[in-house]
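Taken in sequence, the protein lines are chains Z and R. Numbering (the numbering used here) for the first sequence: 1 to 126. Numbering (the numbering used here) for the second sequence: 1 to 166.
Careful, some of the hints might be misleading.
Unchecked claim - Just a sample of chain Z residues kept apart from chain R, beta carbon distances all over 12 Å, derived:
| # | residue |
| --- | --- |
| 1 | 53 |
| 2 | 62 |
| 3 | 63 |
| 4 | 71 |
| 5 | 80 |
What the hints assert, rightly or not - Ranges between beta-carbon positions, derived for each pair:
| # | chain 1 | residue 1 | chain 2 | residue 2 | range |
| --- | --- | --- | --- | --- | --- |
| 6 | Z | 113 | R | 135 | 28 to 38 Å |
| 7 | R | 103 | Z | 44 | 43 to 53 Å |
| 8 | Z | 25 | R | 135 | 26 to 36 Å |
| 9 | R | 155 | Z | 123 | 46 to 56 Å |
| 10 | R | 152 | Z | 79 | 24 to 34 Å |
| 11 | R | 48 | Z | 105 | 26 to 36 Å |
| 12 | Z | 103 | R | 2 | 54 to 64 Å |
| 13 | Z | 106 | R | 159 | 49 to 59 Å |
| 14 | R | 158 | Z | 9 | 25 to 35 Å |
| 15 | Z | 116 | R | 146 | 48 to 58 Å |
| 16 | R | 122 | Z | 51 | 21 to 31 Å |
| 17 | Z | 44 | R | 53 | 23 to 33 Å |
| 18 | R | 96 | Z | 117 | 23 to 33 Å |
| 19 | Z | 117 | R | 140 | 11 to 21 Å |
Said to hold, decoys possible - One-sided excerpt, in silico: chain R residues whose CB lies under 10 Å from chain Z:
| # | residue |
| --- | --- |
| 20 | 16 |
| 21 | 50 |
| 22 | 54 |
It should be emphasised that the hints constitute simulated quantities derived from the structure, not laboratory data. Every residue, glycine too, gets a C-beta built ideally from N, C-alpha and C.
What follows is each chain in one-letter form.
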Amino acid sequence: MKALVLTHGNWGRELIEAARDVYAEGPPVDFLSNADFGVQDLAREITGWLSTHEGPAAILVDVGSGSCGSAALLAAGERPQTWILGGVNLPMVLTFMTGAGLAPDELVSKMIDRALNAVDLVRMPT
Amino acid sequence: MSLLMARIDDRLIHQQVADGCCRSLPARRLILAHDEVAGDATTRRVFLAAGPEDVSTEILTVAETARKLAQLEAAGELESTIVVTATPADMVRLVEEGAPVTAVTVGGMHRSPRRPEEIWSGFFVGESERRALLRLRDLGIHVVFQTVPGAVGRALRELVPPPGPA
Numbered sequence: 001m002k003a004l005v006l007t008h009g010n011w012g013r014e015l016i017e018a019a020r021d022v023y024a025e026g027p028p029v030d031f032l033s034n035a036d037f038g039v040q041d042l043a044r045e046i047t048g049w050l051s052t053h054e055g056p057a058a059i060l061v062d063v064g065s066g067s068c069g070s071a072a073l074l075a076a077g078e079r080p081q082t083w084i085l086g087g088v089n090l091p092m093v094l095t096f097m098t099g100a101g102l103a104p105d106e107l108v109s110k111m112i113d114r115a116l117n118a119v120d121l122v123r124m125p126t
Numbered sequence: 001m002s003l004l005m006a007r008i009d010d011r012l013i014h015q016q017v018a019d020g021c022c023r024s025l026p027a028r029r030l031i032l033a034h035d036e037v038a039g040d041a042t043t044r045r046v047f048l049a050a051g052p053e054d055v056s057t058e059i060l061t062v063a064e065t066a067r068k069l070a071q072l073e074a075a076g077e078l079e080s081t082i083v084v085t086a087t088p089a090d091m092v093r094l095v096e097e098g099a100p101v102t103a104v105t106v107g108g109m110h111r112s113p114r115r116p117e118e119i120w121s122g123f124f125v126g127e128s129e130r131r132a133l134l135r136l137r138d139l140g141i142h143v144v145f146q147t148v149p150g151a152v153g154r155a156l157r158e159l160v161p162p163p164g165p166a
């Protein structure tokens with residue numbers, strides 16, 4: 001399975017680098033920024049990325065309902081075995097990198113769980 | 001009475017529109033005027049889902065939007081309505097179909113092979129965009145480039161000064 005992180009600005013690139021600092025092995029994770037693209041041009045870029053690989057693919061976007069999510073949906077179309085996950089964060093990317101041996105459905109489920117569990121009230125105000 | 005905002009944005013409905021515009025302005029209705037998206041069920045669903053939760057979002061053709069805006073004007077609901085087109089050419093069509101537009105905000109026009117010239121700070125134009133923007137100006141419409149309300153903006157007349165007196 002291959003993964004693409006798609007965000008506003010360049011923070012997605014930094015996110016991947018931070019994940020690599022934690023876990024240096026695992027499959028490559030690509031990055032694309034929506035900067036400089038209207039939604040249809042962005043969709044074309046994503047389509048180009050999808051066309052380089054025939055198997056399962058996951059597109060991890062910052063906000064599902066934003067331009068990144070919309071472009072990913074347009075690009076994915078009817079492509080089978082293509083997941084789009086919103087709310088990408090460090091645990092989501094790390095889970096992808098460390099879960100190479102899992103079936104795609106199971107890996108995606110785990111990625112969502114780990115991403116959601118990272119959103120937590122760590123400390124109540126005193 | 002005038003529209004809350006008439007916006008040109010090549011990302012159609014997205015965060016800057018949903019949060020940046022609809023939250024900072026008292027929008028109750030959002031209309032995307034786009035012939036192709038209005039006519040394709042799958043693409044319509046994608047962009048309807050991108051609309052903010054508490055704002056009524058519709059996707060209509062340019063001609064349908066012009067008619068809808070006339071109805072809203074008659075009902076006194078224009079000033080809570082934001083309309084978005086993807087291109088300056090579509091906005092010109094909207095105006096020429098009779099839509100009550102007096103001012104236009106260019107919120108997003110990104111670089112592409114057909115838009116190679118950076119007119120200002122992340123806004124790109126090609127020949128057709130330039131022509132259409134000048135047409136809007138000729139129609140007496142005030143055009144400003146501004147990503148979201150509150151951000152720095154520039155008026156078209158500053159970027160492309162009108163021709164002086166003969």
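Which of the numbered hints are not met once you compare them with the structure shown? 2, 3, 4, 6, 7, 8, 10, 15, 18, 19 and 22
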